[in-house]
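J.: If you want the building blocks of each chain, they are given just below.
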Amino acid sequence: MSSRPESQQLVLRGVDVAYGEHLAARAIDFALTSGEIACLLGPSGCGKTTLLRAIAGFEPVAAGEIWLHGRRVSAPGETLAPERRRVGMLFQDFALFPHLSVAGNIGFGLRDGSNARKRARIAELLELIGLAGAGERYPHELSGGMQQRVALARALAPRPEALLLDEPFSSLDAERREQLAREIRDLLKREGVTAVLVTHDQHEAFAMADVIGVMSEGRIRQWGRAFDLYHEPADRFVADFIGQGARLRGTVLDGCRVDTELGELSCSHPHDLPSGVTVEVLVRPDDLVHDDASPIQAQILERAFRGADFLYRLRLPSGAEVLSLAPSHQEHAVGDRIGVSARTMRHLVLFR
Amino acid sequence: MEVVLNQTPNAAAPSGRRVVWRRPEFASGLFIGTLALLLALPVLVVLGSVLVPASEVWRHLASSVLPDYVANSLLLMLGVGLGTLFIGVGTAWLTTLCRFPGRRLFEWALLLPMAMPAYIIAYTYTGLLDYAGPVQTLLRDWTGWGYGDYWFPAIRSLPGAVLMLSLVLYPYVYLLARAAFLSQSVAVLEVGRTLGNGPWGAFRRVALPLARPAIVAGVTLALMETLADYGTVQYFGVATFTTGIFRVWLGQGEPAAAAQLAALLLVFVLTLILVERGSRRQARYHHTAQRHQPIRRYHLHGWGAFGALFVCLLPLLFGFLVPAGQLAVWSWTRAATGFDARFLSLTLNSLSLAGGAALLALIVALLLAYAQRLIPTSLVRSSVRLAGMGYAVPGAVIAIGVMLPFAWLDNALDAWMRATFGVSTGLLLSGTLFALLFAYLARFLSVSLQTVESGLTRIRPAMDEAARSLGLRPAQVLWRVHVPLLRGSLLTALLLVFVDVIKELPATLALRPFNFDTLAVRAYELASDERLADAGPAALTIVLAGLVPVVLLSRSIARSRHVQSP
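As given, the protein sequences belong to chains A and B, one line each in that order. Using the working numbering, the letters of the first sequence correspond one by one to residues 1 to 352. Using the working numbering, the letters of the second sequence correspond one by one to residues 1 to 566.
These are calculated hints, taken from the structure and not from any lab test. Here a beta-carbon is modelled for each residue, glycine too, at the ideal position from N, C-alpha and C. Hints may contain errors.
[Claimed, not checked] Stretch by stretch, here's where chain B covers chain A in the computed footprint (C-beta under 8 Å, at least three residues): (1) 78-89; (2) 108-116.
[Stated by the list, open to error] Here are some chain B residues pointing at chain A (derived, C-beta under 8 Å): (3) Arg460; (4) Ala462; (5) Glu465; (6) Arg468; (7) Arg473; (8) Val481; (9) Leu485.
For reference, chain B alone in the conformation it holds in the complex (with noise of 0.2 Å):
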């Protein structure tokens, strides 16, 4: 059977030219490993200030505020870990096992308070607890006394910023437990309940254990957090790692030393990292039942359902409500003269920026992640994961180590073009836009990352062999398979990343340009000069644009809501 099927193009196909598809794998891994590497190269540049012989600063630190810094970052873990633990396990085994009114409203709204940025939550309880704030005046109002007359717990202090650090980090242990309670067989419960244990027996005894790795999980995310922090401790005056390393570093003008600061606080953030890693694979093994079966809510009444609505109420009202409510009221205050030209600079600083960053991690994101697919060998892999390890390490660290190698290659241009045309290049690099934008980049990249990755590990290879099958070049694949169909996916790391560079604190703090304010900074500023009703404007600016991804991931979570109410 002869049939000539191809009268159309073939006969012009290249018959001498052959093109030929060689294997991209070496020139290709070798350029996604140096990206890599440039990318981490912040951590490892804090890494390496270990190497360098300690110095007299570094001597002097070690035997007099060191100490001190350990102490203080283990109690703040130890009451923030406490405290997202008692928080966030309870809200979530009420929402997810109890019935009570207004369940479904708290199933989302108990994650209002991530939208909360520590330093921001401080500043409010600072405004609202003070001497001249509004509790303090009303209890002076109601009683008669006056000053020096009554104690009053001092919100600036170790307690307080355990306090402010766990009202608003402990969604990460809700949302974790939460999940984990909800995949958790109802059949194990009830095989509790026939073995004799009541509902709170079968609690202690089968659930919490089995969540438990879940547990672990959320709260070493919210203690790498609260090792992150640096507005609110150098605002409380708690001296911690992140301030040790600014007045090192800033104050005292050695930032050698300040590396070396921070390549121990890295120690601490590594630990974590490994518990964390530990317990969610514990987690995977953990879940043995195949079929999921609805869960079935303990129905609460009269005071049970009280209490739980109580409990549930209070971390959304003081992590959220009242902080919320006294940002507007300050905002409100300043209307006539808090939102003018200065404020409209400061948010279109914080929008490009922002807006900048999380343009340049979605596109090298796309670009690392599409590699490793392409390209899975084991180089670029690990390269990809090197990349991708910057969100954990605070933005202190990552600023003092964007710092270092910036002002040396500086330093070595100027001192070069010095010797060789004398003109003076001064520093071309250290304290720019783009130093700032790579520093974003180093942090933030592994959130874009893996919003993508998992959005692609969704398309079958089969997809891009179908599209290669009928003519299309890799990058052509891409273009016209993956991105139309991770389009939500693209959006959510956009976003995302758009967000925490809104928020981020200590890295923007210390690398913007001179005179190159964002929200964030001005915020701090004006809260550090005790003008914390000024500060209103910007903190509200900055919780609005936090709550975007609060309500896409309560969006998700009532979408997936396939538990059904008995």
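Here chain A stands alone, though its shape is the one from the complex (with noise of 0.2 Å):
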């Protein structure tokens, strides 16, 4: 994180946002370089769009500040207007004006120059959303994805600071929220835009994100890339929020391995914890293969056809369940009982 404020285009130290004597977010800290998407992560009610709505200008700060493009914008006591702030938003619901046009849409913001440089900025916009030619149309003639676009097509039309997105796919179909996650990412990073996206959906952070922060209770449990939030969660709630997985009970014989039910689990990474300590393991379900020849048979009490795979939920002798991901090509009912082992891992989650 940079210590210089004025440097980095979205910057937001030690951020309180109080909800009448509930804070809903607390000690918020990161920075964002220009043209970075971060995405704020984590189930309903956590303070994320809270701070969304913070940093849009909509909520004032009890604690700390925020600083867009080298600007304070918030303060406590001093918030900035949000017309003055130069933030782009997109809504959950959109929010397009049913009284305007798609150009009208568009062309809200834009305010200051000729009409002729407004009516070239609304063209350049459509073209970019693949809505040449739909200027004139009207929201409601729209389709969901359609209309996501204009109102992302205004968001970006005054060239703001950064844009914030407001869980921009929940009211889209969800078989279509990762491709449209993933186009929408491509268009900002065309444009290099700063952005903030907040969702309770994984998916949609990992295809969307450069940089993810996870947030339970008002508090930013974890900041950083998918990948090491998934195979390097820096606490339980990480670790049960993102992907899937069960923690096992272990003893830890030295940086490597560490002794469990399912026999010493390994890892090329090596850990920092004492020889002899008592702790959780992290059993992802891929960490478990199928194995016949296993001592450890595990009993068969949920399993889930994923097509390619099935995701079994098992029992172990000593009661403990995991999950276990194994190719769909062999078949076990519920109630059998096969045999498990764990592969060498790269990391070890553990937790004392």
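Put the two chains together into one complex, using the hints given.
T.: Listed below in structure tokens is the structure:
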């Protein structure tokens, strides 16, 4: 994180946002360089939308500072009005103005400059979102995905310092969300827009963001790349929230090995816990392999067919439950016992 | 990845001059609170008059006529309550749950009596049923009776007033009962049928109890109008609170005692408001069914269909067609003389007054409703409620509540000017159009406020935020987003207040400037002078104006006709 807020595009330093008596977001710190796309990921009620609204200027901060393109826009007792921040916002329900055409919507925030320049900018954006020629149509004539692109173009038209996206895919078909997220990412990258996305869906976050902040109860639990969040979760919350998995009790043998019910688990990257400590080890479904030769027999409690593979919920002899991903060319019924063993992991994720 | 996004304006954005958006809550809240207090001033003054020690006049009132006022007002409420209940619920049930010839016509035509102010229907029936009127003349021609040979009911009486008010006020009950019947789940009615109730039993034991809160709300609205009525009871010689207020105030020149009388009337009104609020809240809880299934109507044949047609035709006939016809006949007989320059100036007065009041009310309503949206603090919210409470308050009460503080202000100013400069300013505010407009605003603001508020709540807050994040200040958002989206609501608000002002009688009568007449005032004066036919043109014009919102209402009913006839 940069020390000088002036050199970054968007900086939050020690930000608290209060909703009445309750602190909806607390001690938030992060910084984005120009063109970076971040995502605030967390369950509903974790404070991510409140934080986004504070960046937009709709909520004041109770502590800390928000800097945007070298300008301090929020501090306790001073909140620059949303209309003076040059922040674009994409709303959950798009909030297109129903009384204006597509071109009217896109041009809504363009207030300086000649009409010719405005028209040129509108045409440029229509081209960008693949709706050239649709400028005279009205929002209600468009599909949900098209409305979203118009809302995006409207937010981008005045060339904002940052774009804020509030659960932008939640009102669209579930099957198309990831694809739309990738499309929007490409578009934002092409335009070089700094953006903050808020979502509760990790797949959207993975598809769209360069960097993700996992939030819970008003705090950012971990700030990092999707890969790191999955493989090196900072705490139990992040481990449970990102991806699937179960935690098994074990004892540390040395820097690379932990003894558990599944035998000795080992990894390629050493950890730094002392030997003999009792820990919980995170076991992801893909860490377990189906192995008929294994002495460890687990009973199938539940299974979900996912096309290429089955996801089994298994009960180990001790009663502990784990998840396992197995290729679907072999089928086992609920109640069957199968042999499982653990493969060598990249990191051992241990919690004391 | 370092992409320069902002070659354009940001470099020029003010870096030294930091513009801070301070939440303007306190100052704006104070402004809105003051405005609301000002608008509630008439009611507060009247309520406050209770604190003034009772005068000799008041003691005299209390021992002589006050019991009459109370008794007459209660009898009137009882009669109108029952009348509107039977007409309103009966017609609503027939038009929503039965099928008979003319049903779709009645569905909206039953609203027409709303266009007829009670005092005007009173004039027409007096003209029709008086000794010299066409009905009694015809009777004498047929029977050969002469004066004093027969008994004929006197229309100018308390029962007559009950009849008149019921005929024009039942649409309130009809509207709310109809909406309640339509929203009832068919399944609930059908469960009633499967448990062994016939159509009538299902109505009595299921539909009616379910619709009860809505019906109670409708009846209380009709009763509020009954208490507010001045023209009818005055003309029929029935002594009630409103006539009493005027007699004590203008007849005996005792405004303080009149205000105390008005305060007592307000107690009645407040009771009704509480009843109405309570039943509306109940009405919400009574809707339990989620899915809406079209109603299957009972098909009426033969005598049943004829009976239904007859029941629906009666209120329409006597509440609108007959009196409107009578007004048309009178206007026709005065076609040569009635529509003269005088009539033109009356119409212009009415139109400009109503237009001004409607515009004023719209602006204030927009201001209050938008303030409530921007700054939803409890101070602002309760201020807006306070400003909007005038509609239930009778015009006579508003009138005395406006007159008292204005007269006080005038006198104080006059005394100060005389003492300081030796000049008498006389009456600057009382008896001016300003006072009258203020009274209209206090009384009818809630009409535009409700319309604007309901329109505004349909616009999602994300709209405002989208516009703000695109660089618009709150006032610009109002102008560029809300006003275009609210166009329909704004027009409706304007129109409703406009028509209400044209129909308004007591406050206009009491507060108008000297020699400033409106259509309503002129119709009242002519009728009081027993020149009923001469009152025709003015009265007819008022009724025609009153038709406009009724047509709008019936059009919205026709549009929402989602009920399928099997």
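J.: Work down the list of hints and note, for each, if the structure agrees.
T.: Hints, one by one, checked against the model:
Counting residues of the stretch 78-89 of chain A whose beta carbon lies closer than 8 Å to any beta carbon of chain B gives 12, which reaches the threshold of three, so the coverage claim holds. As drawn, the stretch 108-116 of chain A meets chain B at 4 residues by the rule of a beta-carbon pair under 8 Å; at three or more, the given contact holds. The beta carbon of arginine 460(B) comes within 7 Å of a beta carbon in chain A, closer than 8 Å, and the hint placing it at the interface holds. Satisfaction of the interface hint for alanine 462(B) is found here, the shortest Cβ-Cβ separation to chain A being roughly 4 Å, below the 8 Å cut-off.
Interface restraint check for glutamate 465(B): the shortest CB-CB distance to chain A comes to about 6 Å, inside 8 Å, so the restraint holds. Among the interface hints, the one on arginine 468(B) holds; its C-beta lies about 4 Å from the nearest C-beta in chain A, closer than the 8 Å criterion. Look at arginine 473(B): its Cβ gets to within about 6 Å of chain A, closer than 8 Å, so that hint holds up. This hint holds: valine 481(B) has a C-beta 6 Å from the nearest C-beta of chain A, less than the 8 Å allowed.
A cut of 8 Å between beta carbons decides the hint on leucine 485(B): the least distance to chain A is about 6 Å, and the hint holds.
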